[in-house]
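Colleague: Here the sequence shown is numbered in the numbering used here, starting from 91 and rising by one per residue.
By construction, these hints were calculated from the structure, which means they are not laboratory data.
Think of the CB as a built atom: it goes at the ideal place given N, C-alpha and C, for glycine as much as any other residue.
Please note: incorrect hints may appear among the correct ones.
[To be verified] Quick list of simulated restraints, FRET-style, between CB atoms:
(1) S206 - D517: 41 to 47 Å
(2) I495 - E550: 23 to 29 Å
(3) S267 - T210: 49 to 55 Å
(4) G547 - D517: 35 to 41 Å
(5) L172 - T459: 48 to 54 Å
(6) G182 - S267: 50 to 56 Å
(7) G557 - A181: 40 to 46 Å
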Amino acid sequence: MKTDASIKRRRVRQTLLSSSLALALAAGTGIAAPSPGTLGWTAGAPAPRSFALAPRVNARAEEWKRLHPPPGPHPQGATTHLVTNCNDGGAGSLRDAVTAAADGDSIDMTSLACSSITLTTGALATGAANLTFNGPGRDALTVSGANTTPVIVHVGDGQLTLSGLTVTAGAKYSNGSDPAPGACVYSQGTVAMIDAGAKYCTARANGSGDALGGAVYARGGAALIASTISGSSASSATGFAAGGGLYTPADTVAKYSIFRNNSAYTDGAGAFGGAAFVGGDASVTRSTVQGNSADHVGGLVLTGATATGDLLIDTSTITDNYGAASSFGGAVYLGGNARVINSTITGNVEANTTDTKYGGGLSAKYGTTIELTSSIVSGNSLFDGSTHFPSDIASSGGSNPPAIIGSHNLVGVSEPALPADTLLAIDPHLGPLGSNGGPTPTMALLTGSLAFNAGTGGGEYDQRGPGSPRMVGANVDIGAFESDALFIDGYD
């Protein structure tokens, strides 16, 4: 758990998902097209320019796009470009394939004998509206920027899809007032990651520019399916930093995905969302957000696309995130109406020297409605430099606190009133975050937990997915993890 207090925000609306991605997300999200809104601000906190700023046009990307128009669509339709070697240039290389790609094309790296491609002559830049990268698997192929260059720069306005590969060691540095967006992946369209990864990416604005999306900047929205964003950072000397892992001013969907050990920090205007900053509506399902840090909100900043928003955290685990100078909470900030269902939020910390609780677990914008159902929000805290105080659910400020509705929850402490059936101030008896089956780490209930059989609803599976039924025993358990019969009976 991080306690180093030295660890020290934007929006334009575009279409989120193309029809091809919508098909890939067979379950759907129910997210409607948003319109611009604002997040709000706590009285007495440092005044930002805006917490929902419109992302400025990247002049250099626009100039590159003008000088390098993409090839027109192939007369015979979309083409697959086969990558046959791991050189950074020449026939059969990834760079050669990207240069030749037109709208709707795909790049096939599935048959490569090598496991890594290192870029030595700059980023892979494309103006194709829609382009797909297919690799052999997230753990089987990496494309590295060698800590000297961004990995992929997509100035098209369609969808960039990464499937079966990991981009790593991307670097984006800027000086003066220039921004530093997307160190591993920068897209002026939407980004879809399917069995993909982005890790060890660094976006740094050395002047007054903003650093947005340490690993991924997706202007039109993002979708992560069975993907991981980890070990990445967004930082600025005197500007804003937002989304250490992911920044998008539009909608986001994450399923079976992981945000781990990302950070956002600044010596200037403020840093928000160590894991992700989402300026639109959001759906986070069967995912884990762990070990992220930022000045304000170490984990997820989910602002909602409108004043009311449409935000969902479903069957997910959020733990060990740290907000170092909290005025918006430690783990999750909800800027619109939200549903938090069958989830576990624990072990997160907000820190400030005023002993003001904004919600170490959940911080909700004043005037919103939060439907909290069958979830654990407990064991989160406020750290004042010497002592940890319980802080699980609170408001970011204002005179109209959020309304918490729902049922069958286990909560440590809460500033807003809770439903009458809430199990309050009870230790949930959780095991450590670990591999308990399924694609994402979870926290099992330990013997004696009052969360056993005390939940409601929940769907077909717990966070681990197929093979891990949502209900074992008389009723579902509270939280993201459903214990099997042996644990319920006290045998382990």
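Colleague: Determine for every hint whether it applies to the structure shown.
Modeller: Structure-based check of each hint:
1. Evaluation of the 41 to 47 Å hint for S206 and D517 yields a pass: the beta carbon distance comes to about 46 Å.
2. At roughly 24 Å, the beta-carbon separation of I495 and E550 lies within the given 23 to 29 Å, and the hint holds.
3. Checked against the hint of 49 to 55 Å, the C-beta distance between S267 and T210 comes to roughly 29 Å, which is inconsistent with it.
4. In this structure, G547 and D517 break the distance hint of 35 to 41 Å, their C-beta atoms being roughly 24 Å apart.
5. The hint said 48 to 54 Å for the Cβ distance between L172 and T459, and at roughly 52 Å that hint holds.
6. Judged by the Cβ atoms, the range 50 to 56 Å given for G182 and S267 is violated: they are separated by roughly 41 Å.
7. Checked against the given bound of 40 to 46 Å, the beta carbons of G557 and A181, roughly 45 Å apart, stay inside it.
Hint compliance for this structure: hints 3, 4 and 6 are broken, all remaining hints hold.
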